[in-house]
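Those sequence lines, one after another, are chains A and B. According to our numbering, the stretch in the first sequence is residues 499 to 962, in order. According to our numbering, the stretch in the second sequence is residues 121 to 529, in order.
Think of the hints as simulated: they come from the structure by calculation, not from any bench. Treat the hints with caution; some may be incorrect.
To be verified - The calculated DSSO-like cross-link candidates involving lysine-lysine, where the alpha carbons are at most 30 Å apart (straight line), are:
1) A:LYS895 <-> B:LYS432
2) A:LYS895 <-> A:LYS924
3) B:LYS432 <-> A:LYS924
4) A:LYS557 <-> A:LYS716
5) A:LYS557 <-> A:LYS895
6) B:LYS432 <-> B:LYS302
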Amino acid sequence: MTSAENLQAFKRDGRIVVVGASLAGLRAAEALRTEGFTGSLTMIGDESGEPYDRPPLSKQVLTGWVPADGTTLPRRRDVDAEWLLGVPAGGLDLATNRVRLTDGREIPFDRVLISTGVRARPWFVESEAALEGVFVVRTREHAEGLQRALSAGPSRVLVIGAGFTGSEIASICRERDIPVTVAELAPAPLVGALGAMIGEVASDLQRAHGVDLRCGVKVTRLEGDAQGRFRRAHFDDGSTIDADVAVVALGGIRNTDWLTGSGLAAGPWGIACDTGCRALTLDGLVTDDVFAAGDVARCPNPVYEYRLISLEHWANAVEQAEIAAHNMVSGQADRWPHLSLPVFWSIQFGVNIKSVGVPTFADEVVVAQGSVADRRFVAAYGYQGRVTAAVSFNNAKWLDHYRQLIETAAPFPPPCPTPDQPADMKPVPVDFPGPQLLAQGATVVVTGHDPGERRVTAAQQHHR
Amino acid sequence: MTTTRTPDTLRRILDYSSRADPYPLYAELRRTPVARQEDGSYVVSTYRALMDLLHDPHLSSDVRNLSRPMEAAESRTTPPFINMDPPEHDRLRRMAMRHFGPPHTPGLVAGMEGDLTATVSGLIDGFAGREEIDIVDDFAYPFPVTVICHLLGVPREDEPRFRVWVNDIVDSIDYDPRTDPKEKLDKGVQARVDLHRYLGGLLEQRHGRPGGEDLLSRLANDDGPDGRMTDEEIVATANLLLIAGHETTVNLITNGMLTLLRHPQVLRRLRDEPDLVVPLVEELLRYEPPVHIIPWRAAYSDITVDGTVIPKGSQIMLMLASGSRDPDRFHDPDRFDPDRRDNQHLGFGSGIHLCFGGPLARLEAQIALTGLVRRLDHPRLAADPPPYRRSPVLRGPIHLNVQQGQGAQ
Ligand SMILES: Cc1cc2nc3c(=O)[nH]c(=O)nc-3n(C[C@H](O)[C@H](O)[C@H](O)COP(=O)(O)OP(=O)(O)OC[C@H]3O[C@@H](n4cnc5c(N)ncnc54)[C@H](O)[C@@H]3O)c2cc1C
Ligand code: HEM
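All chains should be built: construct the whole structure from the sequences, respecting the hints.
Next comes the structure, spelled out in structure tokens:
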């Protein structure tokens with residue numbers, strides 16, 4: 499696409515393929531049409547139904563308030579696309595510009611958007627994962643199964659992993675008056691995302707709601723009975739717990755396996771992109787016809803020293819989809835960068851948690867407003883003396899102000915007092931558990947010597 | 121930062137002679153988004169600066185944080201939560217909101233639709249055979265007053281008594297010691313005391329009688345997670361709702377009818393497309409809002425907004441109506457366009473003090489305007505512009521005479 503004429507021709511009757519037909523894929527398709535793209539649009543998705551929303555799957559769906567098939571995403575407009583659902587894409591050939599489906603079909607494109615998201619990290623022993631009563635929660639089928647199991651009145655639920663999804667599920671169990679044990683390797687819930695200080699608040703919150711919270715322990719084995727039903731879990735400290743349901747909430751794995759060999763910078767970290775959602779090649783060069791958006795994308799953010807950041811946030815998926823769609827049908831000079839700050843929300847134990855910015859990009863944290871004891875506060879995160887993120891518990895109305903502090907690199911800790919400020923406002927170290935990705939070993943190797951020869955190749959991927 | 125022009129601009133805005141059309145003066149004001157006045161106070165007039173401030177936790181609604189305390193009309197009574205900061209503001213607002221909307225009392229406002237429609241019909245029935253109607257006295261005033269009295273549990277027949285008090289209080293909101301007679305303030309202070317005593321009397325009768333549907337009964341017997349309000353707090357809250365719940369809505373309905381009569385093509389469309397009323401009321405809240413100014417806020421500590429540092433203790437005046445006409449935020453802002461999209465106006469304020477009665481006010485205005493355009497027969501303005509109330513803060517016509525019927529044409 500060099501000239502304006504080419505661009506017009508592409509907008510009129512080019513071919514765009516979207517791989518991954520969920521939130522990011524659907525919103526991108528809608529935005530492409532709104533941008534005036536009238537060519538052919540193909541949506542490839544391995545799930546068979548209409549695109550649906552995931553946040554309710556660990557919330558309203560599990561209480562039974564909303565049926566699992568009731569979270570279909572509202573359509574903003576007609577997308578007039580060909581939907582190839584129920585079959586996954588198995589490969590991407592950038593020499594011939596084709597997406598290969600696992601049933602052998604090949605779909606040609608001029609431009610492609612990759613929005614294959616994340617899948618749930620399964621329990622590491624396959625036979626134990628297959629026990630009846632062991633769940634993960636990523637899809638509507640998962641949520642439906644778990645909701646049924648919860649309605650059956652289990653004697654106890656074990657939640658493995660106290661990140662946001664695990665904590666939300668534990669909260670639902672308590673709401674439904676089901677005994678629940680939460681096992682977390684880190685010293686507290688939510689520490690991986692929000693650090694030790696908030697982790698401590700989250701611990702108190704869970705215990706106050708009657709959760710049997712066990713931190714610093716690892717579940718080593720899931721034991722079933724003769725009928726193949728989950729019955730008992732073993733911990734690394736030798737203890738055990740009896741339960742009928744185990745929810746494995748150990749985070750996600752980015753769906754990039756199908757891109758192995760494509761030459762794109764795709765791996766467990768996601769697909770590296772520029773701020774315009776254009777994918778990079780393994781060598782780190784920017785492509786022009788391959789875009790990525792949503793949970794699978796890994797984009798640089800100038801506010802955070804241009805580091806590449808992957809997010810599993812709803813709003814990020816929508817924003818990137820719109821940016822990617824715009825850039826897919828625009829010339830170089832009219833491209834938009836995706837520069838907005840990440841926002842995230844969660845509801846658990848009666849608390850509305852919301853964040854802005856990247857809390858892991860911080861060395862200190864301070865309660866800037868409100869009261870931790872009342873569970874109504876805003877905590878500000880700082881990195882080397884500037885504000886980089888904020889998290890609110892039942893106090894979301896203030897977050898716009900913190901967004902502005904982040905965007906203007908305002909000093910940390912915020913120097914000016916506010917009316918509702920804790921008396922002992924003192925920053926503490928943010929204290930995140932060590933970088934987990936380092937444990938996964940090298941993902942690429944660099945070869946060659948002359949500048950014209952240097953290349954990156956993917957390293958053998960070790961499955962854990 | 122400081123200009124010599126803007127202080128004059130503000131004075132001209134506050135002067136009664138610009139009441140009918142303050143908008144060109146707002147445009148002048150916006151040239152200096154954050155303007156320091158000679159007396160050390162600040163006037164903020166652009167959409168962005170207003171939004172930033174309304175979401176800034178350093179902005180205080182508590183008079184005690186002004187370095188030069190105003191002669192506040194509230195001084196002799198407990199302030200209502202609109203004049204408080206967190207955490208007290210949040211607690212009291214939460215406790216009041218429990219009885220007013222979701223999540224604890226969902227459907228309250230939607231459930232009133234039938235009653236509201238009946239009240240509107242009843243009032244319009246009274247216009248039959250009349251050639252000239254005062255939209256204010258005959259309609260826009262009695263309607264929301266009936267509604268808020270019913271909600272609160274205040275006897276409608278007491279209206280002549282509290283109307284005087286409410287008028288005196290509203291008059292004193294924008295009291296300016298440099299230009300206004302002291303009497304104006306004193307009347308406001310006395311009216312507040314009288315209204316408090318009156319509401320206190322009503323509250324007295326509610327104690328120990330749980331089960332009452334009205335807000336006074338519910339507040340008097342509440343056992344929510346935040347406990348119960350003190351009597352002083354209940355009276356202050358009821359006082360706030362009574363005032364906020366009708367002066368503003370009167371202006372919205374009246375401004376609405378005035379704007380429709382000035383845009384006959386929109387009026388005709390509204391007759392044929394009843395659903396238009398929803399975006400139309402939003403556009404009214406932007407284009408002719410009932411609340412033009414938040415007269416004061418206090419800088420709790422130094423606040424930086426739009427590159428200007430407002431020192432701690434300063435008084436800050438927020439020109440909401442100017443922000444809603446800011447061309448940097450709204451395309452063609454001086455055009456009344458009910459089809460406008462992305463209409464995030466400042467009509468109900470923003471941030472933690474965002475109007476608590478917004479859903480009710482919207483529904484009242486929607487039902488009122490729908491009823492008027494459907495049933496008035498060839499309505500025409502008797503005078504344009506109509507006479508306005510004195511207040512530059514709660515701005516609206518004091519009378520809006522409308523002629524109807526073929527004969528008069
Ligand atoms: C239980 C749960 C609760 C959540 N709660 C919140 C919340 O409270 N707040 C928040 O901000 N975010 C929340 N999220 C995250 C949010 O849902 C995600 O950010 C969002 O779904 C990302 O959308 P996406 O389109 O990028 O990816 P996905 O929704 O993961 O969609 C990817 C799609 O691609 C398909 N796919 C994968 N591989 C292939 C292939 N090879 N070929 C074809 N199709 C493929 C997948 O099956 C899927 O349909 C939650 C997520 C979950 C699971
Ligand atoms: C068209 C009608 C109305 C308009 C334009 C309006 C406008 C406003 C505005 C601008 C504010 C913010 C004030 C500030 O930030 O200091 C506000 C606050 C408030 N309004 Fe309204 N209002 C209307 C109707 C109502 C009604 C019907 C009620 C009650 C039933 C009501 C109750 C309140 C209350 C209690 C507050 C204070 C909220 C707080 O401090 O948290 N208003 N209103």
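Consistency of the hints with the structure:
no., hint, result
1, A:LYS895 <-> B:LYS432, "holds, 23 Å"
2, A:LYS895 <-> A:LYS924, "holds, 23 Å"
3, B:LYS432 <-> A:LYS924, "holds, 22 Å"
4, A:LYS557 <-> A:LYS716, "holds, 25 Å"
5, A:LYS557 <-> A:LYS895, "holds, 22 Å"
6, B:LYS432 <-> B:LYS302, "holds, 28 Å"
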